[in-house]
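Sequences are here, hints too, so could you generate the full structure?
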Amino acid sequence: MLHYILRRILTMIPTLLIISMLVFVIIQLPPGDYLESHIAELQSQGESVDEQKIQFLREQYGLDKPMMQQYWYWLIGMLQGDFGYSFEYDLPVTEVVGDRLFLTVLISIATILFTWAVAFPIGIYSATHQYSWGDYGLSTLGFLGLATPNFLLALVMLYLANVYFGTSIGGLMDPEYIDAPWSLDKVLSILEHLWIPVVVIGTSGTAGMIRRLRANLLDELQKQYVTTGRAKGLPPGKLLRKYPLRVAINFFVADIGNLLPTVISGAEIVAVVMSLPTTGPILLSALQSQDMYLAGSFLMFLALLTVFGVLVSDILLALLDPRIRLGGSASK
Amino acid sequence: MLEINQLAVDFRLQHHAVPALMDVSFSVDPGETVALVGESGSGKSVTSQAIMGILPTNAEIRSGEILFDNPETGQRIDIASLDPESTEMRQIRGGNISIIFQEPMTSLSPVHTIGDQVSEALFLHRDASYQEGLKLTEAMLKHVGFPDPARALRMYPFELSGGLRQRAMIAMAMITHPSLLIADEPTTALDVTIQARILKLVRELQAELGMALLLITHDLGVVSNMADRVVVMYHGRVMEAGPLRQLFGDPQHDYLKALMHAVPRFDLEPGERLVPVREIKSETGALIKHQPLDQVADAGEPHLTVSEVSKTYHLHRGDWFSTESRELLAVDRVSLEVERGECFGLVGESGCGKTTLSKIIMRAVTPDQGEIVYHDHSRAIDVRALDNSALLEFRRKMQFIFQDPYSALNPRMTVFDILREPLVVHELGDMDFQREMATELMRLVGLDPRFLNRYPHSFSGGQRQRIGIARALALQPDLIICDEPVSALDVSIQAQVLNLLKDLQQELGLTFLFISHNLAVIHYIANRIAVMCRGRIVELAPRDALFANPVHPYTRALLSAVPHPELSQPLNFDAITEGAASNPGQWPAPFTLDGRTPTELMALGEGHFVRVASGSKPSDLAA
Numbered sequence: 000m001l002h003y004i005l006r007r008i009l010t011m012i013p014t015l016l017i018i019s020m021l022v023f024v025i026i027q028l029p030p031g032d033y034l035e036s037h038i039a040e041l042q043s044q045g046e047s048v049d050e051q052k053i054q055f056l057r058e059q060y061g062l063d064k065p066m067m068q069q070y071w072y073w074l075i076g077m078l079q080g081d082f083g084y085s086f087e088y089d090l091p092v093t094e095v096v097g098d099r100l101f102l103t104v105l106i107s108i109a110t111i112l113f114t115w116a117v118a119f120p121i122g123i124y125s126a127t128h129q130y131s132w133g134d135y136g137l138s139t140l141g142f143l144g145l146a147t148p149n150f151l152l153a154l155v156m157l158y159l160a161n162v163y164f165g166t167s168i169g170g171l172m173d174p175e176y177i178d179a180p181w182s183l184d185k186v187l188s189i190l191e192h193l194w195i196p197v198v199v200i201g202t203s204g205t206a207g208m209i210r211r212l213r214a215n216l217l218d219e220l221q222k223q224y225v226t227t228g229r230a231k232g233l234p235p236g237k238l239l240r241k242y243p244l245r246v247a248i249n250f251f252v253a254d255i256g257n258l259l260p261t262v263i264s265g266a267e268i269v270a271v272v273m274s275l276p277t278t279g280p281i282l283l284s285a286l287q288s289q290d291m292y293l294a295g296s297f298l299m300f301l302a303l304l305t306v307f308g309v310l311v312s313d314i315l316l317a318l319l320d321p322r323i324r325l326g327g328s329a330s331k
Numbered sequence: 000m001l002e003i004n005q006l007a008v009d010f011r012l013q014h015h016a017v018p019a020l021m022d023v024s025f026s027v028d029p030g031e032t033v034a035l036v037g038e039s040g041s042g043k044s045v046t047s048q049a050i051m052g053i054l055p056t057n058a059e060i061r062s063g064e065i066l067f068d069n070p071e072t073g074q075r076i077d078i079a080s081l082d083p084e085s086t087e088m089r090q091i092r093g094g095n096i097s098i099i100f101q102e103p104m105t106s107l108s109p110v111h112t113i114g115d116q117v118s119e120a121l122f123l124h125r126d127a128s129y130q131e132g133l134k135l136t137e138a139m140l141k142h143v144g145f146p147d148p149a150r151a152l153r154m155y156p157f158e159l160s161g162g163l164r165q166r167a168m169i170a171m172a173m174i175t176h177p178s179l180l181i182a183d184e185p186t187t188a189l190d191v192t193i194q195a196r197i198l199k200l201v202r203e204l205q206a207e208l209g210m211a212l213l214l215i216t217h218d219l220g221v222v223s224n225m226a227d228r229v230v231v232m233y234h235g236r237v238m239e240a241g242p243l244r245q246l247f248g249d250p251q252h253d254y255l256k257a258l259m260h261a262v263p264r265f266d267l268e269p270g271e272r273l274v275p276v277r278e279i280k281s282e283t284g285a286l287i288k289h290q291p292l293d294q295v296a297d298a299g300e301p302h303l304t305v306s307e308v309s310k311t312y313h314l315h316r317g318d319w320f321s322t323e324s325r326e327l328l329a330v331d332r333v334s335l336e337v338e339r340g341e342c343f344g345l346v347g348e349s350g351c352g353k354t355t356l357s358k359i360i361m362r363a364v365t366p367d368q369g370e371i372v373y374h375d376h377s378r379a380i381d382v383r384a385l386d387n388s389a390l391l392e393f394r395r396k397m398q399f400i401f402q403d404p405y406s407a408l409n410p411r412m413t414v415f416d417i418l419r420e421p422l423v424v425h426e427l428g429d430m431d432f433q434r435e436m437a438t439e440l441m442r443l444v445g446l447d448p449r450f451l452n453r454y455p456h457s458f459s460g461g462q463r464q465r466i467g468i469a470r471a472l473a474l475q476p477d478l479i480i481c482d483e484p485v486s487a488l489d490v491s492i493q494a495q496v497l498n499l500l501k502d503l504q505q506e507l508g509l510t511f512l513f514i515s516h517n518l519a520v521i522h523y524i525a526n527r528i529a530v531m532c533r534g535r536i537v538e539l540a541p542r543d544a545l546f547a548n549p550v551h552p553y554t555r556a557l558l559s560a561v562p563h564p565e566l567s568q569p570l571n572f573d574a575i576t577e578g579a580a581s582n583p584g585q586w587p588a589p590f591t592l593d594g595r596t597p598t599e600l601m602a603l604g605e606g607h608f609v610r611v612a613s614g615s616k617p618s619d620l621a622a
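Order-wise, the sequence lines are chains Y and W.
Taking numbering that gives the first Met the number 0, the leading residue of the first sequence gets 0, the next gets one more, and so forth.
Taking numbering that gives the first Met the number 0, the leading residue of the second sequence gets 0, the next gets one more, and so forth.
There are no misleading hints in this set.
Think about it this way: if two alpha-carbon atoms lie no more than 27 Å apart in a straight line, the pair counts; the simulated DSSO-like pairs of lysine-lysine are: (1) Lys-134/W to Lys-241/Y; (2) Lys-141/W to Lys-241/Y; (3) Lys-237/Y to Lys-134/W.
I should point out that these hints are in silico values taken from the structure, not numbers from a laboratory.
As structure tokens, then:
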């Protein structure tokens, strides 16, 4: 099993390498580079362009080198913790991202916890009370959640939160705390704002998870081993927890790998709508202005999360399910 | 001790109720064995669920009572009037009445250890500390025949064989020493030798603990060897009830008589047919070429030659720290020759390699070595050497009938599409031709062509199997491999399908390679029989020679483990020993197979062969 985990971690390396190549190719795909779009922008504003300065910048950042070489520098840099330089912000990428990355992770984790906390009890209730009014009602709510576009929900929630709780519109904290050092008030302010994006981003995921958990649990409830447990005289609650839920949880864990990237990518648009200080809006503008190192670092970060999420869910699955841990495989 | 009076159970479907049990009455005395006999859908399992209080949610006890003497309180209580989820009922369930289910594969949770699942009922119903409980569990596992009970406590069901899983089920049911054990088809899914051992075990435990046994089965052979009294059920009603001797000696009711005629027996007269409860009529039409068997069969002409075929599987299993690899020789240098127009039987227990062999012949599994030659009259076809287009062409010669009629048919295709598919794949005829062909195929297997537009789920198991047979016949093959075609079917349906296969063979001049673990079925249908064990053919003989004079110890063990539905031939439980029969290392010389000594099939005359150590003489066998 240790062998298995080691092998899984080793296979992450080529996976990430291939992803990094793809990412680099994608951000290089649009014609031109940051400097060219920068020049075009300056010229459209009627400003003169200093050819010498452009030439200097081009050389300094290696933009005149062949693509393979640029990729190589980028890759080596990343391995050493240097994610490159953001042209647009005139700062190293790490400094641009900094806090935003932390807030993104915070929102994502809060969203996942919210999804689980809501989906789990509702899914179990729906499955154990199949075709009851409760099941129908919750399913309808779930479908509404699935069908409502995130940005619409975001606007509605912002309005409601502002009208009823007086929460400031947009952002993850009250304006006075932006760029302020960390303090208890700042944390409280973040918490006050946090629940809106969490609910908005989490709604469709929660609805989807309720449906999947219900379907999985319904399958398990029909299984013969549940009858066996019942025939032993187990009380209903314990029976449910010990057998079908225990097996249905496997899918739950297997879902972690999917969850991370969907939550994060789903958050991008919401973040723009709600002007959250997360990575979403920056990624969007970096892609538009061909700020290649910034965009590339973001994409790599997303890829890393995905690969890592799958690894975590695989290891957890092996821990949870003896069939995976101990089961053999046969070659044909 | 248990008395059921005029029990009636309904199933609610949409808005109307369908009666599942009507006016069922019988009783079970302490320590006795009562067998509940009937085909699927007769209400046997519903009866057991009603006694346990585990009826499905859409079932409802309409009237009647289930009186049970609770040995702990000494009171007589009516289970039918108790709330199934009440504390009192939960105490009885698992504590005083236990049940063993049919499917050991699915009846155990895949993610809990055997020790956890077996000890659960003990902790629920008896006062025992954790340590005591584990000791008792270990003792019970030892009792039911686990070779290493301490290790078994920590093992998971998927690590055990089917026989051991069923033993775990038995241990689970017995751990609380219930006064009534309900066994719902406890051995149907098992091989005969394991079945015999499990039956022996249940009898011993029953005698030791003095519990009553309610045995639910459709296997009359099991009934005649286990039961004191018999209750025959049909369509939710009790047809006939009484002591075993009286019922089996002189069955009164037509249904029981019919059932007894439908069971294949070893003492059938040559040419005697089984009489199914409901006979089906097969009709041939114009499209399918009609060639009576006696016209195609030239005695001794080979149809399929398999020589020296081997297949090794590489298995990997591991825990947190290590991985071990193991090689499993599934098929070990098997050679056989199927003659044109015969039914060649291949018999053996699960895991003996018979299905792998059939897949190799069909080119679904690639063997490590060996040769398969199909003789198309004068032309010899090397099956292994066929390229893709030649293989497609060859598929029309040889077809397959599968074991499980439920998973062998695509639930999203109509019967017409299922029957038409082979014709479409081989681009035979236009739509009109295919429709006509499908109609004829339906008639051929005794189904109404009006059902062509239905989906498989609206057919019973036996009807589905007949659809599977019709599909195999669509391309008009000469050779059909039947892999356990009747093992999933009830006795009465089994007779129907066996008769159909026999008729089709006669009418269409087919050659069968018939694989089964059921010796009585093989006896009924096959002309020549090969017995397989651990990937090797150990004995090969014409049917009568094999059954009259089995030479190999494994064949003998198989034959002696078959329960007969006749009272005059009881199973000899004393002769049933643990595991020795199917372990080639423990066979007496010269039969011993240890993997080192070279062996050969020795001819005993008249087509009778047995595997012995090379160089043995027929005279060595006498001892």
